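Number of protein chains: 2
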Amino acid sequence: MKLYVWTLAPNPRRVLIFLGEKSIPMTVEDVGDGARLKPEFLARSVHRRVPLLELDDGSLLGEAAAICRYLEALYPNPPLMFGNTPKQAALIDMWERKSEGEGVFAVAEVFRNKLSAFEGRALGGYRTELPQIPALVDRGKRRFQEFVETLEQQLAEQLFVAGDSFSMADITALCAIDFAKRSRMPLPENCVNVARWHAQVSSRPSVAGCAG
Amino acid sequence: MKLYVWTLAPNPRRVLIFLGEKSIPMTVEDVGDGARLKPEFLARSVHRRVPLLELDDGSLLGEAAAICRYLEALYPNPPLMFGNTPKQAALIDMWERKSEGEGVFAVAEVFRNKLSAFEGRALGGYRTELPQIPALVDRGKRRFQEFVETLEQQLAEQLFVAGDSFSMADITALCAIDFAKRSRMPLPENCVNVARWHAQVSSRPSVAGCAG
Numbered sequence: 002m003k004l005y006v007w008t009l010a011p012n013p014r015r016v017l018i019f020l021g022e023k024s025i026p027m028t029v030e031d032v033g034d035g036a037r038l039k040p041e042f043l044a045r046s047v048h049r050r051v052p053l054l055e056l057d058d059g060s061l062l063g064e065a066a067a068i069c070r071y072l073e074a075l076y077p078n079p080p081l082m083f084g085n086t087p088k089q090a091a092l093i094d095m096w097e098r099k100s101e102g103e104g105v106f107a108v109a110e111v112f113r114n115k116l117s118a119f120e121g122r123a124l125g126g127y128r129t130e131l132p133q134i135p136a137l138v139d140r141g142k143r144r145f146q147e148f149v150e151t152l153e154q155q156l157a158e159q160l161f162v163a164g165d166s167f168s169m170a171d172i173t174a175l176c177a178i179d180f181a182k183r184s185r186m187p188l189p190e191n192c193v194n195v196a197r198w199h200a201q202v203s204s205r206p207s208v209a210g211c212a213g
Numbered sequence: 002m003k004l005y006v007w008t009l010a011p012n013p014r015r016v017l018i019f020l021g022e023k024s025i026p027m028t029v030e031d032v033g034d035g036a037r038l039k040p041e042f043l044a045r046s047v048h049r050r051v052p053l054l055e056l057d058d059g060s061l062l063g064e065a066a067a068i069c070r071y072l073e074a075l076y077p078n079p080p081l082m083f084g085n086t087p088k089q090a091a092l093i094d095m096w097e098r099k100s101e102g103e104g105v106f107a108v109a110e111v112f113r114n115k116l117s118a119f120e121g122r123a124l125g126g127y128r129t130e131l132p133q134i135p136a137l138v139d140r141g142k143r144r145f146q147e148f149v150e151t152l153e154q155q156l157a158e159q160l161f162v163a164g165d166s167f168s169m170a171d172i173t174a175l176c177a178i179d180f181a182k183r184s185r186m187p188l189p190e191n192c193v194n195v196a197r198w199h200a201q202v203s204s205r206p207s208v209a210g211c212a213g
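These protein sequence lines are chains Y and R, in that order.
Note that the first sequence covers residues 2 to 213 in the working numbering.
Note that the second sequence covers residues 2 to 213 in the working numbering.
Incorrect hints may have been included.
Where chain Y lies over chain R, by a calculated footprint (3+ residues, C-beta under 8 Å) [what the hints assert, rightly or not]: (1) 61-72; (2) 84-95; (3) 137-145.
Hints in this document: simulated from the structure, not taken from any laboratory.
The structure displayed is predicted, hence computed values, not measured ones.
Even for Gly, the Cβ is constructed at its ideal location relative to N, Cα and C.
Produce the complete structure using the sequences and hints provided.
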């Protein structure tokens, strides 16, 4: 197997931390090129995004969570996607999706609609040109703010994002928050539970060894 | 268990078709109220969206795909999420996510940024007001167009969206396309493979019995 990443981006980082948690050996290639992905990478697949996993039979698998679910089937322990019961698995899936859609994607909305390097590529992966829309910078900030408030409420009641154990939902939420910090959107000071959780998960070797 | 839906919306329809495919008995409540969800429903959970599944222990589970994955663990046959191999499961997950993010969400972008009924609620589920952004109507149309082109390429090579068998990826792609049609974005005439597939999946009793 081979994993294609762009080490500056949050979605490949989700998979890299997941690999670290499970000590899965992997050949990794960075296909970033300045502020964009290399054209020869983009030409390889209809899924013009990273992370992309190339299986040994040549199949190409995209979407961070789909890649991690595939790897979890091959390397079940520790369970980060499937939990120990159907309910745990469903809550992990739900919170992983919320952390992606309301967290990572909200920060990307700010980032890609603001920086001139992303002109015409305000969403990743599209063949058609998507112009930047300045009003989305504010919308992305509001969405991220609300995501953090939701997370604060959730982490006031439990240790980790999807329950009592560390899971893929924590990895994705952490990558959203670190991506936001890099995009000059630090955690609000009143989010004490998110701050407690963030310090704790950031000290895990898989996270500390994979800078965001 | 009890499923909360808004029968006019595409995401609850994904779960309703899934239930039909598996003949899963379910108590269903429509919490739509004109062009919005009922306030008493919105107050119930941080996940202010439909579909929402209430488990017998009172837990609330959101996100259409997470709900279906939970139900698949309880009712494994026919497999619509998990496939028969880790690779099949991963491809279903990948294409289900693409059909949601690039299909359903692209159409919603058009719909919610255009209709006056959605003023201040240009994305569903947020507590904060999110104003409509007229430029997103055009962006959503471009995104949907590219999704259909990707699907055309995929369905030129295989029978169903994620491979040789009908799966959750087909359900989500179908709901995106029917939602687009209702939003005056019909299938382009040159998408012959998408049209062939759409006619075929639309004739399934689970789909025909659940108008989109």
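Hint check results:
1. 61-72: Our answer is that it holds, as 8 residues pass the Cβ test (under 8 Å) against chain Y, meeting three.
2. 84-95: holds (count 7)
3. 137-145: holds (count 4)
Of the numbered hints stated above, none is contradicted by the structure.
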